[in-house]
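S.K.: Protein sequence lines, in the order shown, are assigned to chains A and B. The first sequence begins at 69 in this note's numbering and counts up one residue at a time. The second sequence begins at 491 in this note's numbering and counts up one residue at a time.
Hints listed in this document are in silico derivations from the structure and should not be mistaken for laboratory results. For glycine and all other residues, C-beta sits at the position ideal for the given N, C-alpha and C. Hints may be right or wrong, so weigh each one.
When the alpha-carbon atoms are kept at most 16 angstroms apart in a straight line, the in silico EDC-like pairs for lysine to aspartate or glutamate are as follows [said to hold, decoys possible]: (1) A:LYS488 / A:GLU112; (2) B:LYS550 / B:ASP563; (3) A:LYS201 / A:GLU230; (4) A:LYS295 / A:GLU317; (5) B:LYS581 / A:GLU385; (6) B:LYS496 / B:GLU613; (7) B:LYS534 / B:ASP554; (8) B:LYS581 / A:GLU112; (9) B:LYS581 / A:GLU317; (10) A:LYS84 / A:ASP417; (11) A:LYS384 / B:GLU578; (12) A:LYS85 / A:ASP114; (13) B:LYS581 / A:ASP342; (14) A:LYS82 / A:ASP418; (15) B:LYS534 / B:ASP593; (16) B:LYS529 / B:ASP554; (17) B:LYS528 / B:GLU544; (18) A:LYS83 / A:ASP417; (19) A:LYS384 / B:ASP563; (20) A:LYS384 / B:ASP582; (21) B:LYS529 / B:ASP563.
Covered stretches of chain A, going by a simulated chain B footprint (3 or more residues, C-beta under 8 angstroms) [to be verified]: (22) 260-266; (23) 380-386.
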Amino acid sequence: MSSVSLVVRNAVWKKKKVDLLVARGRVAALIPSARKTRVEAAQEVDASGLLLLPSLTDCHTHLREPGFEYKEDIASGLDAAAHGGFGNVLCMANTDPVNDNATVTERMLDRARAAWPHGPRLYPIGALSRGLKAEELAPMAELAGAGCVAFSNDGLPVPRAEFFRRAMEYAWDQGKVVIDHCEEPSMARGAGMNEGVVSGRLGLPAQPDVAEAAQVARDILLADYLKIPIHLAHISCRRSVELIAWAKERGVPVTAETCPHYLTLTEERVEGYDTAAKVNPPLRTRDDVEAMLQALRTGVIDILATDHAPHAAHEKEVEFDLAPCGISGLDTALSVTWGLVEKKLLALDDLVRAWSEAPCRVFGLPENRFQAGDPADFLLFDPTAAWEVTPEAMRSKGKNTPLLGTRLRGRVAAHFLGGKKVV
Amino acid sequence: MQWRHKDLLDVSQLSADEARHVLDTARYFREINSRPVKKVPTLKGRSVVLFFAEPSTRTKTSFDVAGKRLSADTFSLAKSGSSLSKGESLKDTALTLQAMNPDAIVLRHSAGGAAQFMAERLECSVINAGDGRHAHPTQALLDAFTLTERWGALKGRTVLILGDIAHSRVARSNVLLLNLLGARVRLCGPRTLLPPGVDTWEAEVFSDLGKAVRGADAVMCLRLQLERMQAGLLPDLREYSRTFGLGEGHMAQAAPDALVLHPGPINRGVEIASDLADSGRSMILDQVASGVAVRMALLFLYMTRKSAE
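All chains, full assembly: derive it from the sequences and hints.
M.R.: Printed below as a string of structure tokens:
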């Protein structure tokens, strides 16, 4: 144990008090604290009262650089990620220019390394189609070679099933998964909220949940036919999870993610034309929220993702119809989902699985299970720390969240990546 | 009654007593409109901005006439003549208007919630003259005024609202106000033009005009817009008029002396048979006259609110 560089003592992992030993950036051992092993280390951390968690992976983030740095840039986005507990960040391709060529991918990676040399680590998601226009395939081999870990047209659904099928096939040739933004566009055009009682009352253009589920069904059938995995982004409603459950029972290679806001907020948050609650897919009903929680508990939903979508204040301070969709999520995601654990709606194991194990598995990233040799990517989480969501408390440039003014419990006390403290 | 509201965003803000107070006040002002000299100094020196960011002739003219008859200075601003057409945000337009210190802004806007957006940012009163598909409270109040002038009260009466309910701010506000004042409301239109969640509204819902009209005391037709066909919500105007256009035959099924209303402008032969629009049952021009009186009442109540406190 002479090469141990860091010892974290008295942290709680799986309800037991443990000491974590780190050597050369990797987990050396995880031992019960009671053992009182004498270890010489350059650095010791007393983590009494703190939970030990593997660093989180967000497989669905919009970092806005290049092109929209006024909303967010890679440095500020990774700052929010680091403080929010995320060690791996997969960023979507809807930048300007679109990440549909190696130059953009390489620039993103360079910017990330320059701003955060020890992590959080950036993993770009390449565009599925050139310019996200869903007309020509993007050069996926080139993009994979430059460092893209998956492909997606996120932000703009792919309407033509034949094109989408070819994209799935071509991406799989590169060993990469396609992430689909599930939205049947003709049913969702111009819509900023869920179709239902509230939209009827407010008179706002709305999309029904079946607009999402119809595309989910298409993707499942394609994955079944092609025997090629598909990952379904930001699932929001009961109808979709029922289809995904059916697919998984049949052995279709499908995985799916949802976001903290679909587990906690309902369409009523749009009342008063609150643009902070305008998100795509839209916030759904109480029944959908319950279905999403159940799906996460049972593994029908594999992954939690933020769909972090920062916008500048002036862009959201407009008429509801004109406001862009999106919620800034990196700062609040872990606290919000920890709140669900406190309410016993989720187990801590669900969080570990959905924020860490599953995304690493699906996208082929190094994973920390606290086995010897795993990357020493972990965080110390203070479950009792209360904080108020204010613009000042958020590290992201995007302050657009319906949670502003809300008090949350649970916050990252320290975050280590490769054994180095980043927060 | 002391008026406690700063803004009129929708009729849902009003209690039944407040709505009746508006109608009572309108009744007083209606008398002014029949005088040889139709002007009183009530709002002399006060200023009203008529900010119509969406085309409108009758509502804007109605507010303009109402303001002038109360001796207020009215200033018109249209989107085409405003900085909105140069890309200025609604927030900046609101702040610019605020800096000119008007007493009230009458706002028509194509976006639902625009009136609330303005009201949250302005110190002066904001009167919603129609926002998107959301609300048209002054239209609902003038419709209620028109009916109460004829009937005395709405309690126990059945009013059918016919046509494109889904896209109608007039329907939304009328459902609320008619219920508030004790009327029973029916809605009728093709399923493609009924809003989601309509079964939760305080109204009976029909897609069969023959059934819907039976025994109704009034039928309120809504304007049908051509883009409904382009959006695939209807086959064509002919089929709509044959299925949902209101004619004398339908009115024979309604209550004796049943009334016909339309917020205008009407498409003769589409929403309503031409003869019926001109018949003794038609309240269409009464609605226009009521509009001026109701808007005078509203300008008076909202613009004298501070002095009343």
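S.K.: Against this structure, judge whether each hint is valid.
M.R.: Hints and how they fare:
A hinted pair counts as satisfied when its Cα atoms are at most 16 angstroms apart, and LYS488 (chain A) with GLU112 (chain A) qualifies at roughly 12 angstroms. Distance check on the hinted pair: LYS550 (chain B) and ASP563 (chain B) sit about 14 angstroms apart at the alpha-carbon level, within 16 angstroms; holds. The hinted pair formed by LYS201 (chain A) and GLU230 (chain A) meets the criterion: a straight-line CA distance of about 14 angstroms does not exceed 16 angstroms. Restraint check for LYS295 (chain A) and GLU317 (chain A): satisfied, since their Cα atoms lie roughly 15 angstroms apart, inside the 16 angstroms limit.
The suggested pairing of LYS581 (chain B) with GLU385 (chain A) holds, with an alpha-carbon distance near 7 angstroms, which does not exceed 16 angstroms. The hinted pair formed by LYS496 (chain B) and GLU613 (chain B) meets the criterion: a straight-line CA distance of about 9 angstroms does not exceed 16 angstroms. Between the alpha carbons of LYS534 (chain B) and ASP554 (chain B) the distance comes to roughly 14 angstroms, so the proposed pair stays at or under 16 angstroms and holds. Between LYS581 (chain B) and GLU112 (chain A), the direct Cα distance comes to roughly 53 angstroms. Violation of the 16 angstroms bound is thereby established for this hinted pair.
At roughly 52 angstroms between alpha-carbon atoms, LYS581 (chain B) and GLU317 (chain A) are farther apart than 16 angstroms, so this suggested pair is violated. Using a Cα cut-off of 16 angstroms, the hinted pair LYS84 (chain A) and ASP417 (chain A) holds, with the two alpha carbons roughly 14 angstroms apart. For the hint pairing LYS384 (chain A) with GLU578 (chain B), the CA-to-CA distance comes to about 14 angstroms; that is within 16 angstroms, so the pair holds. With a CA separation close to 12 angstroms, the supplied pair LYS85 (chain A) and ASP114 (chain A) stays within the 16 angstroms bound.
For a cut-off of 16 angstroms, the pair hint linking LYS581 (chain B) to ASP342 (chain A) stands: about 15 angstroms separates their Cα positions. The hinted pair formed by LYS82 (chain A) and ASP418 (chain A) meets the criterion: a straight-line CA distance of about 12 angstroms does not exceed 16 angstroms. With a CA separation close to 12 angstroms, the supplied pair LYS534 (chain B) and ASP593 (chain B) stays within the 16 angstroms bound. Of the supplied pair hints, the one linking LYS529 (chain B) and ASP554 (chain B) holds, its CA atoms being roughly 13 angstroms apart against a limit of 16 angstroms.
The straight-line distance between the Cα atoms of LYS528 (chain B) and GLU544 (chain B) is roughly 29 angstroms, outside the 16 angstroms bound, and the hint therefore fails. For a cut-off of 16 angstroms, the pair hint linking LYS83 (chain A) to ASP417 (chain A) stands: about 11 angstroms separates their Cα positions. Among the hinted pairs, LYS384 (chain A) with ASP563 (chain B) is inconsistent with the structure: their alpha-carbon atoms are about 34 angstroms apart, more than 16 angstroms. A threshold of 16 angstroms between alpha carbons decides the hint, and for LYS384 (chain A) with ASP582 (chain B) the separation of about 13 angstroms falls inside it, so the pair holds.
For the given pair, LYS529 (chain B) sits about 13 angstroms from ASP563 (chain B) by alpha-carbon distance, which is consistent with the 16 angstroms threshold. For the stretch 260-266 of chain A, the stated coverage by chain B is satisfied: 4 residues place a CB nearer than 8 angstroms to a CB of that chain, which reaches the threshold of 3. With a cut-off of 8 angstroms between beta carbons, the stretch 380-386 of chain A has 3 residues touching chain B; three or more are needed, and the interface restraint holds.
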